[in-house]
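From first to last, the protein sequence lines stand for chains A and R. If you want my numbering, it's the 1-based position in the first sequence plus 501. If you want my numbering, it's the 1-based position in the second sequence plus 791.
Be aware that a few hints might be false.
Said to hold, decoys possible - Taking lysine to aspartate or glutamate and the DMTMM-like style, the derived pairs with C-alpha atoms no more than 20 Å apart in a straight line are:
id, chain 1, residue 1, chain 2, residue 2
1, A, Lys-528, A, Glu-567
2, R, Lys-1134, A, Asp-615
3, R, Lys-1107, A, Glu-516
4, A, Lys-636, R, Asp-1133
5, A, Lys-528, R, Asp-1101
6, A, Lys-528, R, Asp-1138
7, R, Lys-1237, A, Glu-568
8, A, Lys-636, R, Asp-1101
Said to hold, decoys possible - Here are some, though not all, of the chain R residues that point toward chain A, as calculated from beta-carbon distances under 7 Å:
id, residue
9, Ala-906
10, Ala-1076
11, Leu-1127
12, Pro-1184
Don't read these hints as lab results, they were simulated from the structure. We put the CB at the ideal spot given by N, CA and C, even for glycine.
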Amino acid sequence: MNHPQIAVFARSATENTTYLRSIEGQKSLLGRTMHDLGFDAIHDEIVVTSALAQAILTFRGAANGEEAPIRSIQGDKTHIRGLGVTAAVGKVTVDPEHNEIVIANGDNTILVFDRLAQGNVAPKRILGGPDTQLKLSGASGTCVRTDPIHNLLLVPTGGIAGGRVLIFDRDASGNTPPRAVIQGPVAMGNQFEVYAPQLRLVSYPHGSNIEIWKIPLNGVSTEPPLKIPAPVGRGGNTETGIVLDPLHKEVIIATAAGNSIMTFSVPEVYDEWPAAHPVTSTNSAQK
Amino acid sequence: MCPDKKIDRKADGAILAAALITAAFFATAAAFTAGAAASSATEDTSRLVSVQHLPVDLTACSSDSSVDAGLSANFSAPGEQSLFAALQRDPSQRGAGQQARPYRVPNSEQEEKDAAEARAHGARTPLRTIRDTAPTYSAVAVDVNSNEVILQDNNLWEYQVFDRLSPTPAGSNDISQPKRTVRGDKTLIQFNNGLYVDPNGDIFSVESDTGDKMVRFARDASGDVPPKAALHTPHRVYNLAGDEMRQELFATVEYPPQVVVYRKDASGEDEPLRAIAGDATGLDAPHGIAVDEKDGLIFVNTWGHHSDVDVAGTGKWFPPAIKVFAVNASGDVRPLRVITGDKTQLDWPAAMKFNPENGDLYVANDIGQSILVFANAAKANGDVAPARVIHGPSTRLRNPTGVALDLKNKEVWASNLGNSSATVYPLMADGDVAPLRVIRSAEESKRGVNFGRTAAVTYDPIRQEILVPN
C-alpha cells in the first residue's frame, strides 16, 4: 500500500475520472491501512482511523489536500489497540444522531467515544466480556455499525469467513449480552451497512452477491438473506467495502485487490418486500 | 534482535516438511502451481456463478448454503490450500510481532472471466465504475547494462520495461511503447512497490499488501511468466534495497515496524538473517531504504506513525525522518544519526537511492512533489536542508514515489504515481528543471486516481460524493 489518501469523487465519476480532491500528506496524520471510514452527514465530517498510530481522526467534510484533522483521539486513556494480529482498530463508525464514534477494538471490546472527544480521552462506554459473545477476529478486523432509529449496535463475529451478527442495544456497556442475533453465517468484506428504515443489514461477501439480511430486534434470526448477483471481477474474492446511497437506491462496492469502485442499482435494499420473506426468530439471543 | 524464531521445529515435523515442500515449490515449480491454483479456483468459482440467476421474485435469490460453503472454501484458492496450510499454521513469526499469513496467489483473470460469465447469465452490472485504466507507477529501476528502465505498476499488477533512451512521446495523447511487460497471475505481481535490479539484470520486486512476497525475474522475462524465485516476506513490506558487496537484500516493513535483511538468493520460506526492530530504533512506519555499501550504512525514512501492536493506547506521531544505521545493525538499536525537521522538507518520503560516488542521498518525496537530495548523507544529522531539490511545474513530477540513479549516464529517474509517467533529469539537477525525457503510459494531461488497494468506501450525501481511502 503506497499512498494512503482519501480520494473524493463525484457520484457520477466513471473510468479515469480524476478525483475532485484528496486528503493526504504528513499533516493529515493518515497512514495505512484504512479498512473503514464513515461520513457524518449531520455535522459534515469524515471519521477514519490512523491504525498504525492507534488513533481516530475527524476531518471536515470538505477537507482537501494536506489538511490536518479537526480532532484526533489518541493516547493511553483511550484503550485503543493498534492494527496487528487482528487489525481491529481499522474499523470505525460514526453515529451523528447520538454524537458518538464507535470502534471495534483489538482486545475484543467495543469502544464508544463522544463525537467531539479530543486528545487523550477515555471512551464513554466500553462493551466487552464473556456474556457479550464478542469475537472480533479476522484478518481485517471487525466492522461495527449502529442503527440510530431502533437504537441498535451491530457487531459481526466471523468476518470474511462468515459468522453471527450480534445485536446490542446501542448504549449497551460492560458485560452485556446481545438482545438479538442474526445466526447467519453472515460473511462480509471489510464493511457492511445498515439500512435502518427497513431494519436491514447489507453485506458483500465473496465477490458475487450483495446480501440483504433482516435485522431482528429480539431473539435469534435464522432467516436467509436476499441475494443479488452483482459480480465485481478482479479482487471480488478478497476484501471489499460497501456503502449505501438511499436517495438513488444504489449500493457502492469497493474492491481492494480490484482497485475499483462499482455502483449498482439495488432497490431491493430500500423498497418494501413482499410478505413472503419473514424473519423467524427464537425467544432468546443467548448461546 | 533477530526475528523471533519461537517455532519448535522438532515438535511439528509435518509443518517443517510442508515448509520445505513449499520452498522447493517456489524454487522450481512456481509456474505449474500457479496454473494449477488458477485451474482449481476456476472449477469452484464456476460452480458458484452457474447457480446464480436474476431474481424473478425476491425469494428466488435467497440463500443457498451449498453455494456459500463452496465460496468459503474458495476464499483461499483450493490449489494452494495443502501447500500453504503450513504457512497458516506456522507460528515462526515472519519478522518481529508478525503472525504468519496465508500466501495468496492472484486469480484475477479467472475472477474477471467469472464476472463476465455471470453477467452474461443475468447478474447485475455496475452502473458506473471508478478505476484507472492506466498504470500507476510506484517504483523505478535502471539496468545500465541493457540500457533499460523498469517501471513497477501498482494498478494493473505488472512491470514494464522501456528503452532508457525512449524519447518523450511527440503528441500530447501519445504514449511510450514498452519493450516488454511482465503481467498476469503467474507472475505473482500484485501491489508491488519496491524494485531492485542487480548487475546481472535480475529484477527483484516486493509486494506491499495482499501478496506478502518478493519475486525475482530474469532480465528478459516477458508476459505472464512465473518468477525464477519467490520469497515469502512479512506482511506490509514497503521498499527494497540491495547490497551487492554483502550479497544481501534489505526490506522495510511498515508494521509492526522493522527492517528485515535476507540473503540475496533467499527464496521460499527462508527467514531473514537479521532484523532491526524495537522502540529504540525509531522505525515508526518505515518506508524508503537505501544502502551505502562503502561506508557500511543504511538509510531508512519513516513517516512517524508509532504504536506498540500489543499495548493499547501507545499511539503517537513523530515527524518524518531519515534514520541512519550500520549496515550490519540488528535488534533494538538506536540509529546512528537522524535527519529530521522542517528544513528537510520530508513529506511522505518514499524510495531512496544513495550515490556512492559523492555521498548524495536522493529521496522521492511524494507529497512534496519533489526529489530531495541530501549531500554528505553519511554524516548528515538533525534538521538539515537538502542540498538540491528537483521541484516545480517544469519537472512534471506528480506524486513521485520511486527514484533510481544511473551513474553510468549521470541521470536520476523518478516514477510518478500521479500521472503514469517516469521522468529523468541530469544527476545534479536542481530546481524547476524540465526532464531530459519522459516515459509516459497515458496522455500528457493524465491525473491518475492513485488507487492502491481500495478496501473501503463511504458516501457523502451532502455533496453526493464518493470517498475512497487507500
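Have a go at the Leu-1127(R) hint: is there a Cβ in chain A nearer than 7 Å to its own Cβ?
Nearest chain A Cβ about 24 Å off; hint violated.
Are the Cα positions of Lys-636(A) and Asp-1133(R) separated by 20 Å at most?
44 Å, violated
Taken at face value, is the distance from the CA of Asp-1138(R) to the CA of Lys-528(A) at most 20 Å?
9 Å, holds
Is Lys-1134(R) close enough to Asp-615(A), meaning Cα to Cα at most 20 Å?
Between Lys-1134(R) and Asp-615(A) the Cα gap is close to 37 Å, so the pair fails against 20 Å, i.e. violated.
Taking only the CA atoms, is the gap from Lys-636(A) to Asp-1101(R) under or equal to 20 Å?
Holds, at roughly 17 Å.
Is the straight-line distance between the alpha-carbon of Lys-1237(R) and that of Glu-568(A) 20 Å or less?
24 Å, violated
Going by Cβ atoms only, is Ala-906(R) closer than 7 Å to chain A?
4 Å, holds
When you check the alpha-carbon spacing of Lys-528(A) and Asp-1101(R), does it fall within 20 Å?
Violated. Lys-528(A) to Asp-1101(R) sits at ~26 Å, over the 20 Å cutoff.
Hint check: Lys-1107(R) vs Glu-516(A), CA-CA at most 20 Å. Holds or violated?
38 Å, violated
Chain A contact restraint for Ala-1076(R) - C-beta distance below 7 Å:
Hint holds; Ala-1076(R) Cβ to chain A Cβ min 6 Å, cut 7 Å.
For the pair supplied as a hint, Lys-528(A) and Glu-567(A), is the alpha-carbon distance within the 20 Å limit?
Holds. Lys-528(A) to Glu-567(A) sits at ~6 Å (cutoff 20 Å).
Hint check: is the beta carbon of Pro-1184(R) less than 7 Å from a beta carbon of chain A?
Cβ of Pro-1184(R) sits 17 Å from chain A, so the hint is violated.
Checked against the numbered hints above, the structure breaks hints 2, 3, 4, 5, 7, 11 and 12 and satisfies the rest.
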